[in-house]
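Let the hints inform the model, and build the full structure from the sequences given.
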Amino acid sequence: MALPKYTEPHYRIWHYFYLFVCGCVFFFLIAPLFVIFPLSFNAEEFLVFTDGMKRLDPDAFSTRWYKDMVYGTKNPWGLAARNSFIIAIFATIGSIILGTLAALGLSSRHMPYKGLIMATLISPMIVPLIISGVAIFFFMAKVGLAATHLGIILAHIILGTPFVVITVTATLSGFDHSITRAASSLGSNPFNTFMKITLPLILPGVISGGLFAFVTSFDEVVVVLFLAGLDNTTIPIQMWTGLREQLSPTILAVATCLIVLSVLILVTAELLRRRSERLRGINR
Amino acid sequence: MSSEQKILSTDGIPLEESLKKAEKKNKIKAFLLVTPLLLFLIITYIVPIADMFSRSIDDKMVTNMLPKTYKAMEQWDGKELPPEEVFEAFYLDYKILVKNKTAGKLQTQLNYEKNGFKSVLKKLARKQKKFEEGNYKEQIMKVHKRWRNVDYWRAIKRRAPAYTYSKYLKGVDMYSNEDGKIVQVAEDRRIHRILWSRTLEVAFFVTLFCFLMAYPIAHLLATLPMKYSNLLMICVLLPFWTSLLVRTASWMILLQQQGIVNDFFVWIGLVTDDNRPEMMYNKTGTYVAMTQILLPFMVLPLYSVMKTISPSLMRAGKSLGATPAVAFFKVYFPLTIPGIGAGCLLVFILAIGYYITPALVGGASGTLISNQIAYHMKSTLDWSFASAMGLMLLTGVLVIYWIYNKLVGVDNIKLG
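Respectively, the protein sequence lines represent chains A and B.
Each residue of the first sequence is one higher than the one before, starting from 0 at the first, in numbering that gives the first Met the number 0.
Each residue of the second sequence is one higher than the one before, starting from 0 at the first, in numbering that gives the first Met the number 0.
Mixed in with the good hints there might be a few duds.
FRET-style restraints, in silico, Cβ to Cβ [as the list claims (entries may be wrong)]: (1) A:I88 / B:G340: 35 to 41 Å; (2) A:G143 / B:K180: 42 to 48 Å; (3) A:M194 / B:S53: 25 to 31 Å; (4) B:Y227 / A:D230: 47 to 53 Å.
The calculated lysine-lysine pairs, modelled on PhoX-like cross-linking and capped at a C-alpha distance of 25 Å, are [unchecked claim]: (5) B:K122 / B:K67; (6) A:K141 / B:K104; (7) A:K4 / B:K226; (8) A:K113 / B:K59; (9) B:K377 / A:K141; (10) B:K317 / A:K4; (11) B:K100 / B:K121; (12) B:K26 / A:K113; (13) B:K113 / B:K94; (14) B:K70 / B:K98; (15) B:K24 / A:K113; (16) B:K128 / B:K67; (17) A:K195 / B:K28; (18) B:K28 / A:K113; (19) A:K195 / B:K26; (20) A:K113 / B:K226; (21) B:K136 / B:K100.
Far from chain A, some chain B residues (derived; all Cβ distances over 12 Å) [as the list claims (entries may be wrong)]: (22) E16; (23) K24; (24) E79; (25) A102; (26) K117; (27) K122; (28) V184.
In case anyone wonders, no lab produced these hints; they're calculated from the structure.
Virtual Cβ for every residue (Gly too), placed ideally from N, Cα, C.
Structural data, given as structure tokens:
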């Protein structure tokens, strides 16, 4: 954003002030994430930068908290990680199936009561999590699914489907329906048409919605707090307990791993978005 | 149509009917695709939320514990002490409760209604074993002088209805007093109203801070060339994708008394080393952490709107003689209002129901209404009160959601 040469001085000052403000906001957004990374390699048990760390003394750094995370007995991170992945994967699959079907129906121009149904399907995203948590807990307790994996998976499907519905509907908005008609006129049955024509085209939207559902489930703590028993502890639950009781560097080690995971997810989501835009660009 | 010849399709059916039939078939097909999710959500989500309402007004517990008493009380006008039948019925009901060891619940419930009920009921539980048949009024009144006070009997009668809105009154620090009038609780006990106003205050200011910070950077992202803006977009998207707990943890490290922010303040000489301000476990912590966490939800809608505004509009404004400031406020700013509306409502809705961050960095003075709901769900186990508060919060959110839907439309929500 170079300014033209004829810019008057006070606009010039204003412009640099604007850039400075933007810089501060970006710093405010991203800097907190980078505090965790060095501190997770702290050799001491304190959550501050020790003098050794400031001098970059190699003895002040260690990987003991990562070892504690994997082998430590105090916090069952292994169990939590396994539970988190199982729950998130099944919740994602469920959300994708239900959400994609619903999005296909919603994108049809014949759909009656579109606005009302869309508002209902999106509502788990809008209703405060604490209320969803209370309501889902009452339901799961009534049907005997509280403190089971299945109960938590169902709860996370509820919270995850709105994301799939939104992303797939967005992908379908640029979808050329004449190609599916062409497929059926050439003798393909609806299922085949969906698998061979529609699905490959909307796949970026489906996967990116699935990513949202996965992250929602993997990061969800409010509803799980109501539903989880001792056997269903997840990574967020362990972190929540840890943060409430004693902020230990082991949590920072876990947090670093989670940041790495979110970087991977971000890259995937970004690539998918571009691919989807490209695909839809061809369609138009 | 009747005078003209109808157009027929190949199988002899009028085209109009045939088309209608096909449309109907398509309608059903579309609806069938939505049905699984709709049913699933209705059963597991919508109905349970509605069920919270029946739970919040449910007051059958006392009603069911004293069935005979309430039947006998139907005739009693509540002005003077009830007649002998009421005393007898109460004695019989209470005897069963003591025998089943559920009298404690009644004692607690009636004590909510009138202070001092617990002790007289406990005394009655001990004495009633030696009661003789007949003339229960005399015998009960002999146990404690409070049984001769008509207020206590009125308190029992007040719990007769199976439904109550008292939980909702409690949610706004009111109650219906002994004469049935709705009054406010004593001034030093009005905790819920403080929480409601604090929740609104925090949600409002977090929205404002997010808006003030998001507007310039969304503008920068929208106007920079693609290759730079993509890089900067990562700064917005990475926090967006990172676990909420991780971000809260990093704020806990930054804001602690020996933390980096305080170190920085000491270093620039803003505060002295032995006088470091407490920035966590109070409202400051809640504000700072929530603003950072919700900022991406403001940036993304603003960005997607600003991206569609052509830069030539500003140039046109300037070429017609407007100063950059005038051009901005007369041309650019009005065009971004849809994005501002979407972002602000989204952030406000999310902030008003926030739970995790206030619970971790908020301390006692930074907790919000959600924390109170969780407290009643997990600690006091007053689930009907938690439901009532939840529904009050939900009503507020749904009103905002409705406005949002009118202004932006839910189908226009974009992610990433």
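Take the C-alpha atoms of K70 (chain B) and K98 (chain B), compute the straight-line distance between them, and say whether it is at most 25 Å. holds (21 Å)
Within 25 Å, alpha carbon to alpha carbon, are K195 (chain A) and K26 (chain B)? holds (23 Å)
Given the range 42 to 48 Å, decide if the beta-carbon distance of G143 (chain A) to K180 (chain B) lies inside it. With a Cβ separation near 44 Å, G143 (chain A) and K180 (chain B) satisfy 42 to 48 Å, so the hint holds.
K113 (chain A) paired with K59 (chain B) [C-alpha distance capped at 25 Å]: Given that 25 Å is the threshold and the Cα spacing comes to 40 Å, the pair is violated.
Could you let me know if the closest chain A CB is still more than 12 Å away from the CB of E79 (chain B)? Holds, because the least Cβ-Cβ distance between E79 (chain B) and chain A comes to about 43 Å, which exceeds 12 Å.
Given the hinted pair K24 (chain B) and K113 (chain A), is their alpha-carbon gap at most 25 Å? holds (17 Å)
For the pair we were handed, K377 (chain B) and K141 (chain A), check the Cα-Cα distance against 25 Å. Holds: K377 (chain B) and K141 (chain A) sit about 17 Å apart, inside 25 Å.
12 Å Cβ clearance of E16 (chain B) from chain A: holds (17 Å)
Sort out whether K104 (chain B) lies within 25 Å of K141 (chain A), counting only the CA atoms. Within the cut-off at roughly 22 Å; holds.
Is K113 (chain A) within 25 Å of K226 (chain B), Cα to Cα? This hinted pair is violated, its Cα atoms lying about 39 Å apart.
Between K136 (chain B) and K100 (chain B), does the CA-CA distance stay at or below 25 Å? Holds - the C-alpha atoms of K100 (chain B) and K136 (chain B) are around 24 Å apart, at most 25 Å.
Given pair status - K113 (chain A), K26 (chain B), alpha carbons within 25 Å: holds (11 Å)
Checked against the numbered hints given earlier, this structure breaks hints 3, 8, 20 and 23; the rest are met.
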